[in-house]
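Participant: Given chain X's structure and the hints, the job is docking chains L and R onto it.
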Amino acid sequence: MNDASMDRRTWLASAAMGIGLLLSYGTLAVQGMMYLLPQQIGRRGRKLFAGRLVDYKVGGVRTFLDLEGNDILVKRDEEGLKAYSSVCPHLGCRVHWVDAEKHFFCPCHRGVFDETGIAISGPPADGGQRLSEVPLDVDKDGGVVYIEVKDIKRS
Amino acid sequence: MPEGVASEKKGFFNRIEALFPFDWDLLRHAGAEPVPYHLKKWWFCLGGTPMYLFVVQVITGIALTFYYVPSPAEAYHSVFVITHDIRFGWFLRSIHKWSANLMIISVFLHLLRVYFTGAYRHPRELNWVFGFALLGATLAFGFTGYSLVYEQLSFWGATVATNLADAVPFVGSYISYFMRGGPEVGEQTLTRFFIFHIGVLPTLVFFLLALHIVLVRLHGVTELHFEGEVVEKEHRFFRFWPEHATTEILIGVLLMYLLTILSLIWPAQLGAPANPNVTPEHIKPEWYFYFSFRLLKLTSLKVSVVLTGAIMGIAMFWPFIESWLKRKFGMSERLSIFIGIFAFLGFLVLTVWESFAH
Amino acid sequence: MSLTTKRIIVASLSFFFLAALLVVAFQESKRLRVEEREEPVITAANRGCVECHSKDSPALVMEWERSGHAQYGVGCVDCHAAESTDPDAWQHEGVWVSPLVTPKDCAQCHAREYEEFSKSHHAKAGQILASLDNVLAEKVAGMPGNNADAVNGCWQCHGTIVKFMRDKDGNILKTGKENKPVIDPTTWPNSGMGRMNPDGSQGSCHACHSRHAFEAKLSRSPENCGKCHMGPDHPQIEIYNESKHGIAFYANRDIMALDKQGEWVLGRDYSAAPTCATCHISSYMTPQGATVENSHDVGERISWTLRPAISTKLNLVIYEDGYKEDYPDTRAAPKVGEEIERTEKVVENETLVSKKVKGKVAEVITWEERRKKMKGACLNCHNDTYVDNFYKQFDDLVTLYNEKFAKPSTKMINDLIADGVLSKNAPFEHPVQWTYWELWHHEGRRARHGASMMGPDYTHWHGMYEVSKHYYMKFLPEVVEAAATKGIAMKQKYERIVGQLLAQDEHIWMKGLSAKEAEELRKMYQSRYNQ
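Chains as they are written, first to last, in my numbering: chain X, 1 to 155; chain L, 1001 to 1358; chain R, 2001 to 2531.
Simulated from the structure, these hints should not be mistaken for laboratory data.
List time: in silico PhoX-like cross-link candidates among lysine-lysine, alpha-carbon distance up to 20 Å:
no. : chain 1 : residue 1 : chain 2 : residue 2
1   : X       : 47        : X       : 75
2   : R       : 2006      : L       : 1041
3   : R       : 2006      : L       : 1040
Computed from a prediction, not measured in an experiment: that's the story for all the values here.
This is chain X alone, in the form it adopts within the complex (with noise of 0.2 Å):
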């Protein structure tokens, strides 16, 4: 548009309509958007009663599935307990735990990750990757651990 002489009123008419448009539509995209996709990104989690304390020896690592089928490794060391992703950082194979050799290993392309799940050998320690933290919680009154995974079901 570019007539010669624009006024306010006019200006503000184009500016109100351009925004009231832009919003109302872009809402309308955005549920539009929500709508195709199926995951709700950042959701919270869901709980999984993953044993009681009492159960975990020291220095021990007991595994428990998540809701997507993977394997969540909880070690338990002098400080607590703490819950690590299987899922290897550099290409995501499944990693486990040697407990002859007390570190996680990940047979694909041989990397190595410490007690602490930060990697110490092969691409993964290349590329200064550790495996992912889960969130856990352990209940103060019955000692039972509860990790934290990511629902699959709901949109």
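Facilitator: Chains L and R only, in chain X's frame:
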């Protein structure tokens, strides 16, 4: 005539246009063509309305197709999931349903407007035929779309409709077999209806609509003058952009607002799932087929089918029939108006009557 | 219409449209919030169980699926897994299981609740096996080889020892292709509160927390307690229903937040009325704004014992090993640090035996402190004058019952025993024994319970009225009749005793009204009823 955009643009746009060496100036010229003044009257938006709603249907329809499963075992459940689980699924489905209803209503109102302004007359007969075909396609959209939900009424409505098709003389059994994909409404039927609804009909409508609009542009829009109105001697025009475009945007937003309100107050529901073994007490088609249903109840299967077919045939080719009647019997245009009113009232009475019946 | 006007209209319409879309978004968020309960989590370990059992016993699986346990993936195996050495276990589809889930099993996660419950009176409910009640059911109502009255009646509330069928060598019999241990059918099913389990634990969590949904709203409802706390000998639910507390509850049930997950605090989550749980177990707010934690030891807030023939206040002795013992105030409470011997009832070889246990006293809690804990709940709705006066009214009723009826009748029975009229080994031989028993066990309790929970009708008509009527019209004459069976001399002795008793002021009414009193009464009736 206001200046369109300058044909000699900065190098950038030229380079872009060179990628597709079409005569862009021609397009610019066509798009900048001024709009006749009588189109300022609001009657004339009744054509653009169903087109806009068609676009809404395509977009919401594509969205629904992301989650809909066209098999008898899964269809109902997938609609259930859309309505109850998917975020804003209920909303998009409700818009789709209401837009369908509004589209049918607005096509029909547009038909009435065109008829009662005599805009179907020579040389616009062909466009009337195309328009009527578009009406038929819109009704077919409604019918096939509703059957996809696979509720009781979907299933049994489809059964009744295909049985009606069966009653068409000579070719009836072929038509019904073609529609059902077999002797009974079942898996094949649903697949066919799905393909009709998302493939065949949209393509058909797209091309018919293109032809329809092209013809309108080529013929120009019939002027509408009321008795006693002061008609300017010269033709006056107004700009497509921004005046007419703004009108179109206005109608678009109004329709979106209306659809949203309707979706909030009367969201799309879900009846009982289809059960081929149990026919519900009261089967009814969608409201836009009430007139035909009532006719069926008043006469017999064969009679109502033949009658409906005949009326549709006459209506579709009315411009030709009317001019023949004019030539042969000197029928006045006034009579055409009365015939139109009579037909419309007949349709209205049958529809309302059926709506009160069980 | 000018272009500018059109633009303004478009702008307005688009804002209306936007507003409508925001309503849509609001509706959408409301829809998500309503469906708060997530899908149950069936872990790999439990999948096998669920697959079969959702066909074999679908409703049972559905109940579990809607439980709080299923939300966290706690399922079949987590509760039913057993050791191969457990007497009630067998190998089922490759897994050692037992259908008998005891408080010890629940304690794996609910340790605190088990701690509290196992020390409570509820856990000891099964120890009535040697009581008079049990004698009535097994001997008086039952017959040798068939104690169905005890099995279906007493034991279903109180619990029983879970026993197994054994061969002549004492080994548990097994049956079927899974070698399932054969349980004594008179002891299972049983969800009595004080069930004595094969693993040594006492009690049953399921008695209040019905499986497999384990709904909080069921446990918090008064009807839950009413399964056992009802009837002629302790009509607590009937009294509650009569009382204003009960009326308030039933009228406001839907705002009681009964199915609130987690804490349920009077004065914070609900206010309309107390339920049984509210006063006896649950959390309440204090004036300081803190919450008093709930406790599964139902005796913590009890100051009177209304159970025995003569009610006493209860002090609590807690030993260093955690064992809790109620001391009636008629018995001197030990001092902290004292090493004393207590008698515990435990199950050995499927029989209830008394064991003497030595222990050091860790804490002594007085009845006043226990009452204060109860008052904390009352004070959420009532002020302290109100509460203290209520307790005075309650105390006075118990004292009245004690002094006028309980103590004298008990003394008389003891005298009859001492004189050889009645035998301790034949507690229901003479009519007077039945009358006496019902006097304290039935109407006497009804009166005391009625006063304790504000049920006026139970206090008086079902309570003290019947106590007095039976005392005067049945008990006292029957004392003499019983004595008479031992000869004229004995009869005369007791006639004298009864006569001396009735000469006391409180019984003077039996002699009838004096002329003056009669006249006054007549005048009163005339002015009131015109008769």
